[in-house]
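Asks: Here's the letter readout for the chains.
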Amino acid sequence: MLPARFARWFASRGWQLRDYQHTMLSRSKTERSTLLIAPTGAGKTLSGFLPSLTELAEQPQEGLHTLYISPLKALTQDIHRNLLAPVEEMDLPISVETRTGDTPSHKRQRQRKRPPNLLLTTPESLMLMLSYADADRIFGNVKRVIVDEVHSLVANKRGDFTALALARLQSLSPHCQRVGLSATIAWPELLAAWLGGTDDPAGILQVPATVKPVITLLKTDARMPFGGFMARYAIDDIYQAICAAATTLVFVNTRAQAELLFQMVWEQNKAAHPIALYHGSLSKEQRRKTESLMAQGALRAIVCTSALELGIDWGDVDQVIQVGAPKGVSRLLQRIGRANHRMDEPSRALLVPANRFEALECQAALDAIEQGQLDGDKPQSGALDILPQFILNCLCSAPDTADNLYALILEAAPYQGTDRETFDKLWQFTVDGGHALRGYARYQRLVPSDDGRFAPADKRVIQRHRQNIGTIVESGRLKVKRIRRGNQGKIIGEVEEYFASQLVAGDTFLFAGEVLRFEAIRDMQVHARAAKGGEPKIPSYAGGQLPLSTFLADGVRHILATPARWRELPAQVQEWLSLQQDFSQIPQPGNVQVEQFPYREAWYTLYYTFEGRKANQTLGMLLTRRMEKYGIKPLSFSVTDYGLSVCSVNPVSPNQLDALFQPDILGDELEDWMLQAPMLKRSFRQVAVVSGLTEQRYHSSQKTMKQVTFSTDLIYDTLREHDPDHVLLAVARADAERELLDLRRLADTLIRFVGRTRLINLPKVSPMAIPIVLDVRSEQVKGAGAHSIMEQADLYAEAETMLDDVRALLSGNHD
Amino acid sequence: MAITTDWLNTQHSRGQLLPAKLAALTILLDARGSAYLPGHDTLVVSDLHLEKASFLHSFGNPLPQLDTLATLDRLQKLVADYQPARLICLGDSFHDKHSFARMTEATRDTLASMQKKVADWVWVQGNHDPVIPAALGGRSCPTLTIEEVLFAHEPVAGAPHQVIGHFHPKCKRTVQRHRYRGPCFLATPTLFIMPAFGQYTGGLDIDHEVLLALAPPARRRAFLLYDQRIFPSK
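So the protein lines, in turn, are chains A and B.
699 is the number of the first residue of the first sequence in our numbering; add one for each residue after it.
696 is the number of the first residue of the second sequence in our numbering; add one for each residue after it.
These aren't lab readings, by the way, just hints derived from the structure by calculation.
What you are looking at is a predicted structure, and each value in this text was computed from that prediction instead of being measured.
Treat the hints with care, since some could be wrong.
[Stated by the list, open to error] DEER-style ranges, computed between Cβ atoms:
1. B:Q871 - A:A1155: 17 to 23 Å
2. B:Q771 - A:E1369: 52 to 58 Å
3. B:Q810 - A:E1496: 33 to 39 Å
4. B:K812 - A:E1435: 40 to 46 Å
5. B:Q871 - A:D1117: 47 to 53 Å
Positions of the beta carbon are idealized from the N, C-alpha and C atoms, including for glycine.
Starting from the given sequences, assemble the full structure and let the hints guide the process.
Replies: See below:
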């Protein structure tokens, strides 16, 4: 099976061909597609490439043979390095190159003329290449496409986008074989169906994990806080753990946490161990530097976000510390898998909850791992706003008919159920903007030729499309320049625009591991100088929050309902639970506990639903609308996976609560809300950009996100008023229902708990409510509440006297 | 003259109207973004920016071109409520000099029929529309004076009291940790800046240096327009 020179190379490395690698080789001769599911450290990527390497070694050829698609740019670099080793050491006649957004244009042009045998790329770059007029020449003979980290590409728009790209690739090269590589996941069959394409699921090859990871929950004497997300209390324990291991990855959930934790660790770092910081907002150069230091084994620890989660091979990491709630079992396992990249040794990990609620979540995650349970998002039907982009993409390459493209999209598994009517509307939108926009000659993006095939109207349409390929609507980013002298300085990373816009000259903030003093925004750059010591005034910015899996929320509810299990929890958490029991009550599975207390001139009501963030979000929207009707005057609400916290001017009475918590809320208030909600505007913004209604980039100038937000919000209002049947409004709504609502789960809850709410009035916040109330992301509610807190009585008295003048003038006019 | 004291009282109690003064001139601020001079039966709006979407469009920005219709719709409602003898469009009524040519038949008709209902329709010239097309009804002038208050698009040096547009002021307010933002009227004892009335118009924060120079915090009052209401602040 394995050619002699490969066998020798394996032997020289002291490796053996593993059973499943053998199976991959033999399957490559027979199967149309294969999904390989293996734990990290199992040599997954190499097994994906092995069939291509052996085929090319035996029959060298010109042109593209195998395409590798990775969700991360950095991963393509890493795989490139790892592939060069066997290619060079065995002296194989194989060319390997990467192609991402960072690839310089001369290299792109050469790749277009003479593609390498193995091309490593991202979904967006692939889509761009598929839009070339000579796409059929480049891709016509592709034998195999390898999709890495498949699990990160289901149930999101990027996955839908990738599925369409695969369908297009298949139409150019019908015999192309698909190979998917994935970490261990909850529903392999669903993933296989996604990978294989409509009605042709991939064969599954599952490599069982041989050893379970060794995970411990931090038990410490330091006082664990009730709320908060920074784990300052445990900094000493974290530092000790770093000192005790050779190399550690410290994972946190947001960039703000990464910055602060990094700062805190360095304050502790008396031994001056080399400890680095890594997150998605740092500049490319900084990240490359950290990566290469890590690869050389020069670092003791890295404080990082999910940016380091996916498969980059770091060599020897012997411990992972997760600070903060794990958010999901599969995600936690993926992170833990970064330690000890060898299949037959257990990974070691330490969980450090930042508050006592998170300790419950950690315990729930440990239970699930112990029982071998996994969570994850199930694939959904494809997002429709990608279709106009995809249609245009295909037509940029070659003119075609609506019938052919409809047939093509049905080949992509997420789009197999798309009906012709919807497609036709989207097609028409792509052709001339649809009903609302048709009257304007300049809007025509596609024109038909004599044979009924459509092509882009002119070169500018193509150019604009190519600049805007993708599904990620970036929250606006500004580069951060660290000024040394005059306007001279170095770009050290990027921050979100909204964060920059709230800074005033002189504000200090934490970034890239140091305290900076903000000066001004110039030429789309945040100019800042190093500040001398002291606490930053603005702590940091909360970029990149993670959604939490509903699966874990259920686990937490279960632990709460089973006091016998509390003994497994750290002593402080037990103490917190008994405090809650004494002060209020522990939420029970049979009812929905509602706590109410006054705080800072407003009332807070807490609903412990344990139904997950999406369902809670929807419940929040609907409850506040009904509260508005009852004169409770809601101001805002915030959600976690466990509960919902509503802030209002007036308190809720028990009778009102019964009337609030009714299934009919889904009928009466939902429609009302759907039309006005800011959530829908937000999803419309995504839809507008992805479908090409507005663009993030025009020529070389990137629009600032503010401009995009401003225009899409107004567009939304205008369309809703004057063209309510516009296809993009329907798409935005479908999107919101898909990604934001979880209506079914909410309906079940409301029916199950009708008349079974338990209102507890408290003098102040209960121990269990603290982390929920402290969650910073709150959604504002328009209405009487906002009006009443903004009204200032003294100013109205003045208005009253002036109003008399007006009345006098009016009556004067009547005479 | 259509507004009655009853209507006035109702609208005021709903937070949709608020009186203000500039010199001797009484002004009634409407949460919908207009100002009414009860002593002169005159309605003032500013910065309609008609056909802005189609203008941006010609630079490849495919916005839906319903903005003109939306703006005129809102203006129509105001005209129906106030039925003023005079309406002043305080400049930048048209986004560029070809705006009128780009308007559809339907929107031109809407505008024309509205103009018929107002005896004296005044287009004050702005930087975007220094020349008002002759085909349009109404009269056009660079500035206008009512009770010694100058109505102009941009501030005029030396005028003791003036009402202007041009800046599209907006402001934010933070109350009990909740932040609200929207367009606003911005007033000082000598200057009154109208919010932009057009559908697709952004805004300039009142804390921007340009507006700080015109209306320093010590002298200014802002009237925030939020959720169909008007909120005054010191």
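Asks: Please flag the earlier hints that this structure goes against, numbers listed from lowest up.
Replies: Hints 1 and 2 are the ones this structure does not satisfy, whereas the remaining hints hold.
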